[in-house]
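Could you slot chain P onto chain V? The hints should help.
There are 2 protein chains.
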Amino acid sequence: MSAVPMNFESQPLDMNLWSQNHLARVEQALSQWVGDGAPAGLGDAMRYAVLDGGKRLRPLLVLAAYEAVCSGAPASAVVDDAALRAGLDEAALRAACAVELIHAYSLVHDDMPCMDNDVLRRGKPTVHVQFGEAQALLAGDALQAFAFELLTPDNTLIPAATQATLCRLLARAAGSAGMAGGQAIDLASVGVALTEDQLRQMHRLKTGALLQGSVLMGAACGHAVGEAYQALSDYGAAMGLAFQVVDDILDVVADSATLGKTAGKDAAADKPTYVSLLGLARAQAYAQELLAEAHAALARSGLPDTRALAALADMVVRRSH
Amino acid sequence: MSAVPMNFESQPLDMNLWSQNHLARVEQALSQWVGDGAPAGLGDAMRYAVLDGGKRLRPLLVLAAYEAVCSGAPASAVVDDAALRAGLDEAALRAACAVELIHAYSLVHDDMPCMDNDVLRRGKPTVHVQFGEAQALLAGDALQAFAFELLTPDNTLIPAATQATLCRLLARAAGSAGMAGGQAIDLASVGVALTEDQLRQMHRLKTGALLQGSVLMGAACGHAVGEAYQALSDYGAAMGLAFQVVDDILDVVADSATLGKTAGKDAAADKPTYVSLLGLARAQAYAQELLAEAHAALARSGLPDTRALAALADMVVRRSH
Numbered sequence: 001m002s003a004v005p006m007n008f009e010s011q012p013l014d015m016n017l018w019s020q021n022h023l024a025r026v027e028q029a030l031s032q033w034v035g036d037g038a039p040a041g042l043g044d045a046m047r048y049a050v051l052d053g054g055k056r057l058r059p060l061l062v063l064a065a066y067e068a069v070c071s072g073a074p075a076s077a078v079v080d081d082a083a084l085r086a087g088l089d090e091a092a093l094r095a096a097c098a099v100e101l102i103h104a105y106s107l108v109h110d111d112m113p114c115m116d117n118d119v120l121r122r123g124k125p126t127v128h129v130q131f132g133e134a135q136a137l138l139a140g141d142a143l144q145a146f147a148f149e150l151l152t153p154d155n156t157l158i159p160a161a162t163q164a165t166l167c168r169l170l171a172r173a174a175g176s177a178g179m180a181g182g183q184a185i186d187l188a189s190v191g192v193a194l195t196e197d198q199l200r201q202m203h204r205l206k207t208g209a210l211l212q213g214s215v216l217m218g219a220a221c222g223h224a225v226g227e228a229y230q231a232l233s234d235y236g237a238a239m240g241l242a243f244q245v246v247d248d249i250l251d252v253v254a255d256s257a258t259l260g261k262t263a264g265k266d267a268a269a270d271k272p273t274y275v276s277l278l279g280l281a282r283a284q285a286y287a288q289e290l291l292a293e294a295h296a297a298l299a300r301s302g303l304p305d306t307r308a309l310a311a312l313a314d315m316v317v318r319r320s321h
Numbered sequence: 001m002s003a004v005p006m007n008f009e010s011q012p013l014d015m016n017l018w019s020q021n022h023l024a025r026v027e028q029a030l031s032q033w034v035g036d037g038a039p040a041g042l043g044d045a046m047r048y049a050v051l052d053g054g055k056r057l058r059p060l061l062v063l064a065a066y067e068a069v070c071s072g073a074p075a076s077a078v079v080d081d082a083a084l085r086a087g088l089d090e091a092a093l094r095a096a097c098a099v100e101l102i103h104a105y106s107l108v109h110d111d112m113p114c115m116d117n118d119v120l121r122r123g124k125p126t127v128h129v130q131f132g133e134a135q136a137l138l139a140g141d142a143l144q145a146f147a148f149e150l151l152t153p154d155n156t157l158i159p160a161a162t163q164a165t166l167c168r169l170l171a172r173a174a175g176s177a178g179m180a181g182g183q184a185i186d187l188a189s190v191g192v193a194l195t196e197d198q199l200r201q202m203h204r205l206k207t208g209a210l211l212q213g214s215v216l217m218g219a220a221c222g223h224a225v226g227e228a229y230q231a232l233s234d235y236g237a238a239m240g241l242a243f244q245v246v247d248d249i250l251d252v253v254a255d256s257a258t259l260g261k262t263a264g265k266d267a268a269a270d271k272p273t274y275v276s277l278l279g280l281a282r283a284q285a286y287a288q289e290l291l292a293e294a295h296a297a298l299a300r301s302g303l304p305d306t307r308a309l310a311a312l313a314d315m316v317v318r319r320s321h
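Note that the protein sequences, when read in sequence, are chains V and P.
The first sequence begins at 1 in UniProt numbering and counts up one residue at a time.
The second sequence begins at 1 in UniProt numbering and counts up one residue at a time.
Chain V with its partners taken away, still in its complex shape:
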């Protein structure tokens, strides 16, 4: 190994290949773990909710953040201790799956009749349409519990402190000061004129917290500290908000077939969005600003290889669904 850090940034990353490789690991792990040991009907509903070809953005963020931190780790600290490295690799894969379980459970519950009452998700009948409301409610509940189970396996090389940190980050990202809190604000905001600050706060919690949490969990798996951790946190905040701004834009400009879910729903439901607040052109410009913020945060992280994180932020802003 060269003593001089390589300048990774100057080399192009084959992001398709990177995504393929990492997605394959995540899909294989989810397929192996989800629903295992659950009673038949519940296990089927859990697997249906998770193994459905989502974009897996959150798992990819975990793995990209973990690799970015490892790229900057002193060889003596992590890379040369094979058992620790194996434990941290396992932690990153489990964290990647755990955030996806939280995301999947939130979609199952969001789609239920008492919430958004959606019958279509990623082009398929939603879980409550397929399995009934009671089973959908239980499947969501069980997926949330299973996320924490995945982070705390028996007989593992994952350091206990890493397990505890991952549970802490995930619980906060998912809970009343994170995703669930944002959904509650969303509930209360139908038909209400929000200021831009209020809208930003709602979105930071509702979707931003788990996206940022994914980055932080990856960073925690690599034992990131100090400036690098803070920069990745800033990256996660900007990218997470950009995701929601683009979601608001796509709800207006895309059709249901491309989205895999009902388009134009926010306007129909009289929900405040970035487009309704800023207009389409300013919303698009704001998404670009946030993307630039995300890139700037990566640049100041001091980490030698943040190419995958940079590419994921680009994907978030340039996606068509």
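For the record, the hints were derived by calculation from the structure and aren't laboratory data.
Take every hint as true, because none was put in to throw you off.
One copy or two, it doesn't matter: identical chains are merged, so the pair holds either way.
As a list, the in silico DMTMM-like pairs of lysine to aspartate or glutamate whose alpha-carbon atoms are at most 25 Å apart:
1) K271 - D44
2) K55 - D44
3) K124 - D36
4) K271 - D118
5) K265 - E133
6) K124 - D247
7) K55 - E293
For chain P alone, coordinates are given in the frame of chain V:
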């Protein structure tokens, strides 16, 4: 301190005083923590669901198991290390509150129209009646996340390994191989003739897993190992199943005013119960057998003071609601 262990068992425990003291700590902690930092509507629903005068059996089991283990710990290991002892005391209180949050969330979701459709709980309107279905769904989800947040505080004296173990035990007790799994079996069993083995398995998961999990979490806070841990696990299993047998009996023999919820529901819903399977007299005898099993497990734990655990098992079997 005497070098000869005191024979605690020969001294009567004032269980009313013990419960009062421990309940006061749990109520104070729940009142301080639940809903803190949540958006207003969500926080109100979370607090309504939790701060409602439940029996707090699960928190008391955590604290009683923790104290039983501490009563047998070598002074050098735990009692004399003030910082460790403070951390473990805090862990036990947080674990006590965390299991209650899981219990509370399960009641909120269970009561919803797509599940049991109950409008009365502990003599008050259920959460979805009071706050609407969407808010009830979110409050349950947020309470589950908050349970894991409570177990993993920042800047704490709780050892990381204890935090990880508590998250592991709670996630398993709550998830698809525990409470949620039991509820799924329950859903599928309406109108179905179960064998006694199948009924036992359903109840072991549905209510037994979290009751046993409470005991195990208390034991883990005291760093119990080996025989003592196994005996407490056996105690938890017998006591947990006894709880459900008595629940089935009370559904038949008690009235709604005493229960604080609708009596006779299981029979009306054509749900299999211990009474429908064994008849009332044999179900009552079975509850006594399980109580004896629970006491026998405590006797072989080797722990000097299991009086509170013994009294809690008695309460479980002799309760009138």
